[in-house]
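Those protein sequences? They're chains A and B, same order as listed.
Okay, so the first sequence: first residue is 1 according to my numbering, each after it adds one.
Okay, so the second sequence: first residue is 536 according to my numbering, each after it adds one.
Among the hints, a few may not be true.
To be verified - What follows is a list of derived Cβ distance ranges for each label pair:
id, chain 1, residue 1, chain 2, residue 2, range
1, B, ALA701, A, VAL376, 41 to 47 angstroms
2, B, ASP557, A, ASP422, 33 to 39 angstroms
3, A, PRO381, B, ALA701, 50 to 56 angstroms
These aren't lab readings, by the way, just hints derived from the structure by calculation.
Even for Gly, the Cβ is constructed at its ideal location relative to N, Cα and C.
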Amino acid sequence: MRFTPRRILLIGAISLGGAIPAALGAQRQRPVVVASKPFGESYLLAEIFSQVLESRGFSVERKPGLGATEIAFGALRTGAIDVYPEYTGTGLVAILHDTLPDSLAADPRAVFAHVARRFADLYRVRWLPPLGFQNTYAIAVTRSTANRYHLRTLSDLARESPHLTAGFTADFIGRSDGLVGLSRVYGLRPRAVRPLAPAVKYQALAAGAVDVIDGYSTDGLLARYDLVTLIDDKHFFPPYEAAALVSGRLDSQIPGATAALTLLSERLDETTMRQLNRRVEVDGEDIKKVASDELIALGIVGSGGGHGVRGVQSVQHSGFWRYLWDRRATLAALTVRHLELVALALLAAVIVAVPLGLGLERTRRIAEPTIGALGVLQTIPSIALLAFMIPLLGVGVVPALVALWLYALYPIARGTYTGVRDADPDAVAAAEALGTTPAQRLLWVRLPLAAPVIMAGIRTAAVITVGAATLAAFIGAGGLGEPIVAGLALADTRMILSGALPAAALALAVDGVLAIVELLVAPAHRRKRLWRTGT
Amino acid sequence: MPISLAARKVSHRFGNVVALDDVSIDVAAGRATALVGESGSGKTTLLRCFNRLVEPEHGQVMVGDQDVRTQSPVLLRRGIGYVQQHGGLLPHWRVLRNVGLVPTLQHMSDSADAARRALELVGLPAAQFGSRFPHELSGGQRQRVALARSIAARPGVILLDEPFGALDAISRAELQESFDNLRRDLTVTTLLVTHDLAEAGRLAEEVVVMRKGRVEQRGSMRDLIRAPATDYVARLIERARAGLEALRA
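Just chain B, same shape as in the assembly:
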């Protein structure tokens, strides 16, 4: 079952550095939102508030209809899928065991089956890949395994932090496509962090542009292009377009 996400007036500082400044967002159950911005914009910090890897100083963070602070971090995290830029597979565990991590943590009786199904969904047949070690896979395959791991226990939400950021352009495009299909099949709520506006537009229904810990604009990609709320958003769009035109020329 997809679960909604909400952040209300969230502020957080690391030492003297303001990471989040009065940020509010909502993601409806089953929808996908992308957080876009440069390094230091606060997008990853905001993402990490939802599974309590960051405990914000002010404001409220909701997963479903519950404040995250009412749940134990460990149990909360087991119900939320998570993919990071460098997949973070356990290098000494074979693929199947890696994917079965969360089902095992949840004491699911058929955790191996859950892992196999998840592998099939990301296009890596368990018979062929299940007994490999992560270092025996390509970079793209490793991120697919990380993706499989995040969905194996069928969470209602997945958080993705630059999941395709470290991949070459072709693997990246392939993975974006698989992920898009996957998300529709699974109907899972998605929060995606990326610095790539094109990726955001492709994978998410709503885009949140962040800068210096604040939200510059929220809306669909079409809204952003049609009516950029600030100069910054306009420049961001201009730059993405210039990139595309360079390819066309």
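Next up, chain A with everything else stripped away, as it sits in the complex:
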């Protein structure tokens, strides 16, 4: 083969193309879906991942705040997301349910190697090289508690634990690398254990409501309150090295994305991470800005890149209404998404539950058991129902819609069944005796008379759905739950309210609109005039 100048140019172009694949391919490729779990550091790392990818020309879809380990990892396995930040200790204990021999258990590299190999074998999921810091559990008490009981280590804590009340996250209480294991290894037996949301545990500790909490060693809030982290003197906790957990398909579907993420390996140390978390969780700085500042400092992103660096520092010090006003475009979009979720779920529920209620009225023997079964669905906590959806439907809008739909069925089916069953029995009997067909009785008598009861069921379902839809954010369906989940994770009351207040207003508005509909569908003799005609 002869190398003509033209051919050399061509080869050069091809190899260059290999070096900058994303820049050329980004237009045609789908976005990389970057997710996080619902706590501050996870949000921040996911944003850092996103900005690195964007700086290399990839488009990114962010799904922050996915429920918890089961939901985020489930989403990764099913291909609903491509990457999220995870910790090796969590992978080892909470996902693999493995233990390692003592000689290896304390060695971060050994744990990483083990976890990475097992994940590749079992799940085809890839751990990228660690980011460079550990975020282990930090069992913390206030300084005065530490002094009063002479607490320095977890063994000290176990000795005094019958006098102490613990406030642990639900996750920690149930995990074998949490309270279960601490009780086994150290003999920890607190006087009482209160399950606390991550967002409130520091306040609860500072207020003296509990004496000891589980934190993370890189928590920004550890520094905010004057807390003592107790030493793990029996080396109970495995190493929790942070790393990007990447779907096995990412590399083949979006070439170069994994390589871009690997740029972060060994670049973030524990001190840096604690400072960054502090800026987000304590100072209330915008996550996008904190992420981009750090990436510029690391030299991974050029300072001219300007991803989300628009000035938001003033936000912390301006009033709440100003804060809402600044976010009006985002909040409007979230409200629209929220309404879409509610409207679609409700519509689907009406289409199924009204005919179901009518059918049950004709087969009364199975009516109560069937409606009872729908009622049992109501008792499943929303977040659990959402979690059940993940293996079946992945994450995002579809599983959220299905879960909301399931919740809406009961009040509508119950209202329809009861309304039609109890519709003026004398009138129904007379209509039958005078020669109406069953369909005529339904359309002329039962449905019109039952309409207010059916409508009341739909109204109840609508308000429930508006509320439950805020939890859809845990599985990446968006809506007004997004700022609520993020605000909870970041202990940012204003952010929580920026989702909760519009959601409450929406519930009132939906209820009000349906109240008017209820008046309009009332049977003629009960219809109240909405306005006076004549005198």
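Model the placement of chain B on the given structure of chain A, informed by the hints.
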């Protein structure tokens, strides 16, 4: 055109409870028969056999010269007037529409006119009452509307199940009188269920006394008074008379 009614050796049970035990009655076209008895005597069950609201286990039920089982229940019922104790007006329909129900079901072209005429016959001018809702009427007026509804399509038969049972004494007497006139004007075959012997005597030519699913006695009121067939009939008459005498004293 009035139509005759007949039940032949009709028996029926609800579960283990015998409601009708080998009952036979006849009502000639244009005549009125009252079924009298206490609760549980089977009188309402027998009435409901004629428009197939009850399908008896044994025996034959005739409307005109046809076995009811040969006709579809829906079409059969459209040809038979029906009034129940609590009129069963459709509460969300105005009076005129309520009365026009059966004419509409029969696709009569002038169903509104038929409804107006029926209202006039029961003494409720359509202009005044037609656009009211049932809850805007008194109890007596509501039963009149129910009566109008049962005759609006000019059926050959009407079945009345305690039609005046829920009314106060004065409304009741007024309505009995209107009904009696109406029946003669329309020449319609009537089967009336009542627990009130006096009402039976006033409105019907023949009285059938029922007890525990069986016929105790059939005959005119005069026959019953003169020669009660059983102790039960005698007691029934005695009680009705005692009631009247209490008023006289």
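Given the hint of 41 to 47 angstroms, check if ALA701 of chain B and VAL376 of chain A actually sit that far apart at their C-beta atoms.
-> With Cβ atoms ~43 angstroms apart, the hint holds.
Do the Cβ positions of ASP557 of chain B and ASP422 of chain A conform to the proposed distance bound of 33 to 39 angstroms?
-> holds, 38 angstroms
Distance restraint hint 50 to 56 angstroms, applied to the beta-carbon atoms of PRO381 of chain A and ALA701 of chain B = Distance hint for PRO381 of chain A, ALA701 of chain B holds at roughly 51 angstroms.
In the structure shown, no violation is registered for any of the earlier numbered hints.
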